[in-house]
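**Q** Sequence:
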Amino acid sequence: MSNNQHFSALKFITCGSVDDGKSTLIGRLLVDTKAVLQDHLAGVQRSGETDLALLTDGLSAEREQGITIDVAYRYFNTEARKFIIGDAPGHEQYTRNMVTAASSADAAVVLVDAIKLDWANPDLQLLPQTRRHSLLVNLLRVPSIVFAINKLDAVADAAVAYKNIAGALEKFAQEAGITVTAMVPVSALKGWNVVTTENNDQADWCGYTGPSLLSILEDLPVTPAETDVAFSFPVQWVEKFHDSGVTTQGRRVFWGRVATGSIEPGQTIKVFPSGQTAVVSQVLSATRQPQDKAAGHSAGIVLDREVDVSRGDWLLAAEGAPEGQRQLSTTIAWMDDEPLVAGRLYWALHGHRWVKAKVQRVVHRLNVNTLAEEEATELAPNAIGHVTLALQEPLVTLPFTQSRILGALVLVDTASHKTSGAVLVN
1 MSNNQHFSAL KFITCGSVDD GKSTLIGRLL VDTKAVLQDH LAGVQRSGET
51 DLALLTDGLS AEREQGITID VAYRYFNTEA RKFIIGDAPG HEQYTRNMVT
101 AASSADAAVV LVDAIKLDWA NPDLQLLPQT RRHSLLVNLL RVPSIVFAIN
151 KLDAVADAAV AYKNIAGALE KFAQEAGITV TAMVPVSALK GWNVVTTENN
201 DQADWCGYTG PSLLSILEDL PVTPAETDVA FSFPVQWVEK FHDSGVTTQG
251 RRVFWGRVAT GSIEPGQTIK VFPSGQTAVV SQVLSATRQP QDKAAGHSAG
301 IVLDREVDVS RGDWLLAAEG APEGQRQLST TIAWMDDEPL VAGRLYWALH
351 GHRWVKAKVQ RVVHRLNVNT LAEEEATELA PNAIGHVTLA LQEPLVTLPF
401 TQSRILGALV LVDTASHKTS GAVLVN
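With UniProt numbering applied, the sequence shown corresponds to residues 1 to 426, in that order.
Honestly, the hints are just simulated from the structure, not real lab data. Bear in mind the structure is a predicted one, so any value in this text is a computation, not a measurement. Backbone N, C-alpha and C fix where the C-beta goes; we use that ideal spot for every residue, glycine too. Please note: incorrect hints may appear among the correct ones.
Unchecked claim - Mimicking DSBU-like on lysine-lysine, the simulated pairs with C-alpha atoms at most 35 angstroms apart in a straight line are: (1) K240 x K116; (2) K358 x K82; (3) K11 x K171; (4) K418 x K270; (5) K163 x K34; (6) K190 x K171; (7) K270 x K240; (8) K11 x K34; (9) K82 x K418; (10) K240 x K82; (11) K116 x K163; (12) K34 x K116; (13) K418 x K171; (14) K11 x K270; (15) K11 x K163; (16) K270 x K358; (17) K171 x K82; (18) K11 x K116; (19) K356 x K11; (20) K82 x K34; (21) K190 x K34; (22) K240 x K190; (23) K163 x K240; (24) K163 x K190; (25) K356 x K418; (26) K358 x K418; (27) K82 x K11; (28) K356 x K270; (29) K116 x K82; (30) K418 x K240; (31) K171 x K240.
Stated by the list, open to error - Per label pair, the in silico range of CB-to-CB distance: (32) T287 x K116: 50 to 58 angstroms; (33) K34 x G207: 28 to 36 angstroms; (34) T287 x E323: 55 to 63 angstroms; (35) K116 x S310: 48 to 56 angstroms; (36) E323 x V363: 19 to 27 angstroms; (37) L345 x G324: 33 to 41 angstroms; (38) V410 x K171: 46 to 54 angstroms; (39) K171 x V341: 56 to 64 angstroms; (40) E319 x P290: 18 to 26 angstroms.
Start from the sequences, fold in the hints, and give me the full structure.
**A** What follows is the structure, given as structure tokens:
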């Protein structure tokens with residue numbers, strides 16, 4: 001792992017069932033890494049005790065009900081690394097908020113509450129929401145998944161509880177095809193095993209001798225840029241040169257972020273959807289310095305001739321780029337309050353391109369507890385299913401397993417303009 005990658009900020013989310021201690025865990029991370037000022041700490045005192053959850057649950061409705069509703073981002077750093085944490089809600093009705101946070105995360109910490117499980121039973125059942133969130137982060141291709149088994153300070157035999165719960169998680173992960181990066185026992189309230197392993201009562205608490213949660217997070221890689229896929233670039237803004245005397249190259253700069261591959265002068269590109277080709281004469285950085293750019297970086301591209309390109313068009317590699325598709329087989333996480341039914345029309349947003357999309361058929365609904373495909377004619381709010389979409393105009397897509405950018409779309413309600421669904425191309 002290159003030094004640069006290791007020190008770049010890690011964006012991770014905490015997820016799991018309701019009241020599993022997600023907000024408390026983040027509060028503990030912030031307090032123990034000295035990321036909270038004294039006056040802020042004084043403001044979250046409840047009857048003489050510090051209520052760590054209030055450090056992230058800032059909405060008045062959240063404090064009133066003692067729950068997390070929307071994703072709250074917090075920033076902190078250690079000597080080794082910078083972190084951006086997303087505190088995702090556990091309630092089923094806020095699954096959509098959790099999907100939004102997971103779609104751009106480098107890692108997910110899935111919390112499991114030992115008290116709520118039949119921890120003495122080796123064949124214990126996990127909570128549905130734990131399974132749902134684990135399946136969702138896996139579906140959204142979050143690169144690293146860490147299971148943190150919480151509240152082990154409150155059970156009679158922590159070692160047995162940790163062994164049985166870890167066994168149940170391993171069995172579930174194997175069945176669901178989830179690669180688990182690490183498993184760690186913690187007590188967010190007491191701070192055991194969260195930042196350091198030194199403050200536990202005994203050296204091998206729960207029979208666990210591995211690193212603390214923070215040490216695990218410090219060593220996780222960030223999501224690699226998609227440089228192994230052919231070049232693609234969604235045009236976000238077209239800027240016209242004021243120097244009208246230039247005839248050696250086009251007089252407009254196309255600004256945006258390189259989605260996949262890399263770009264340098266001399267490369268031949270194809271404009272989508274018009275199909276025209278041109279040669280790149282200049283690649284500019286944000287400060288307008290000539291500089292080659294790879295996936296994940298913003299760039300301004302000047303072509304060798306005048307070509308009709310506007311916001312929403314794509315610049316693609318002339319060779320090896322995917323073809324435009326008008327019918328997509330997709331997996332959709334449904335977020336709207338109205339169910340998804342066949343025949344409905346939505347706006348689909350891909351890159352910066354808007355096209356009309358019609359729901360051809362709902363193929364299956366995924367049972368989030370068993371991953372089984374069930375017959376369905378509609379998708380209820382917060383459901384996930386396989387859906388076939390027909391597009392009015394073609395889009396350049398790749399399967400989501402190949403590209404997190406080219407394989408993702410958003411469906412928007414044509415009347416209310418609400419974000420209705422997160423779409424992954426199969």
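**Q** Indicate, hint by hint, whether the structure satisfies it.
**A** Right, here's what the structure says about each hint:
1. In summary, the hint linking K240 to K116 is not supported, as the alpha carbons are separated by about 61 angstroms, beyond the 35 angstroms threshold.
2. This hinted pair does not check out: K358 and K82 have alpha carbons roughly 43 angstroms apart, beyond 35 angstroms.
3. Restraint check for K11 and K171: satisfied, since their Cα atoms lie roughly 27 angstroms apart, inside the 35 angstroms limit.
4. For the hint pairing K418 with K270, the CA-to-CA distance comes to about 33 angstroms; that is within 35 angstroms, so the pair holds.
5. Between K163 and K34 the CA atoms are separated by roughly 32 angstroms; this keeps the pair inside 35 angstroms, and the hint holds.
6. Between K190 and K171 the alpha-carbon distance is near 29 angstroms, which keeps this suggested pair within the 35 angstroms criterion.
7. At roughly 20 angstroms between alpha-carbon atoms, K270 and K240 fall within 35 angstroms of each other, so this suggested pair holds.
8. The straight-line distance between the Cα atoms of K11 and K34 is roughly 19 angstroms, inside the 35 angstroms bound, and the hint therefore holds.
9. In summary, the hint linking K82 to K418 is supported, as the alpha carbons are separated by about 33 angstroms, within the 35 angstroms threshold.
10. A C-alpha spacing of about 38 angstroms is found between K240 and K82, which places the hinted pair above 35 angstroms, so the restraint is violated.
11. As the CA atoms of K116 and K163 are separated by approximately 15 angstroms, the hinted pair is consistent with the 35 angstroms bound.
12. Of the supplied pair hints, the one linking K34 and K116 holds, its CA atoms being roughly 31 angstroms apart against a limit of 35 angstroms.
13. Distance restraint check for K418 and K171: the Cα-Cα separation of roughly 38 angstroms exceeds the 35 angstroms cut-off, and the hinted pair is therefore not satisfied.
14. Restraint check for K11 and K270: satisfied, since their Cα atoms lie roughly 34 angstroms apart, inside the 35 angstroms limit.
15. Pair hint K11 plus K163 holds up; C-alpha atoms about 29 angstroms apart against a cutoff of 35 angstroms.
16. Between K270 and K358 the alpha-carbon distance is near 27 angstroms, which keeps this suggested pair within the 35 angstroms criterion.
17. Between the alpha carbons of K171 and K82 the distance comes to roughly 33 angstroms, so the proposed pair stays at or under 35 angstroms and holds.
18. Between the alpha carbons of K11 and K116 the distance comes to roughly 28 angstroms, so the proposed pair stays at or under 35 angstroms and holds.
19. Distance hint between K356 and K11 is fulfilled; the C-alpha atoms sit about 33 angstroms from each other, no more than 35 angstroms.
20. Only pairs whose Cα atoms come within 35 angstroms are accepted, and K82 paired with K34 is accepted, the gap being roughly 13 angstroms.
21. Note on K190 and K34: the hinted pairing holds, with a Cα-Cα distance of about 16 angstroms set against a maximum of 35 angstroms.
22. Restraint check: the Cα-Cα separation between K240 and K190 comes to about 59 angstroms, which exceeds 35 angstroms; the hinted pair is violated.
23. Proposed proximity of K163 and K240 is contradicted: the alpha carbons are some 64 angstroms apart, above 35 angstroms.
24. Our distance criterion of 35 angstroms between C-alpha atoms is met by K163 and K190, whose separation comes to about 20 angstroms.
25. Proposed proximity of K356 and K418 is supported: the alpha carbons are some 15 angstroms apart, at most 35 angstroms.
26. Of the supplied pair hints, the one linking K358 and K418 holds, its CA atoms being roughly 16 angstroms apart against a limit of 35 angstroms.
27. Taking the CA atoms of K82 and K11, the gap is about 9 angstroms. The hint holds against a cut of 35 angstroms.
28. Between K356 and K270 the alpha-carbon distance is near 23 angstroms, which keeps this suggested pair within the 35 angstroms criterion.
29. Annotation: proposed proximity of K116 to K82 holds, straight-line Cα distance about 33 angstroms (limit 35 angstroms).
30. Straight-line distance between C-alpha atoms of K418 and K240 comes to about 33 angstroms, which keeps the hinted pair within the 35 angstroms bound.
31. For the suggested pair K171 and K240, the alpha carbons sit about 58 angstroms apart, so the restraint of at most 35 angstroms is broken.
32. The hint said 50 to 58 angstroms for the Cβ distance between T287 and K116, and at roughly 53 angstroms that hint holds.
33. In this structure the hint that K34 and G207 lie 28 to 36 angstroms apart at CB holds, the actual value being about 30 angstroms.
34. Under the hint 55 to 63 angstroms, the C-beta atoms of T287 and E323, about 35 angstroms apart, miss the expected range.
35. Between K116 and S310, the C-beta spacing of about 54 angstroms keeps the proposed range 48 to 56 angstroms intact.
36. As the Cβ distance of E323 to V363 is approximately 23 angstroms, the hint placing it in 19 to 27 angstroms holds.
37. Between L345 and G324 the C-beta distance comes to about 20 angstroms, which lies outside the given range of 33 to 41 angstroms.
38. Separation of V410 from K171 is about 35 angstroms and departs from the stated range, judged on CB atoms against 46 to 54 angstroms.
39. Take K171 and V341: their Cβ atoms lie about 36 angstroms apart, and the range 56 to 64 angstroms is violated.
40. One distance hint, 18 to 26 angstroms for the beta-carbon pair E319 and P290, holds here, with the actual separation near 24 angstroms.
The structure fails to meet hints 1, 2, 10, 13, 22, 23, 31, 34, 37, 38 and 39 from the earlier list, while all remaining hints are met.
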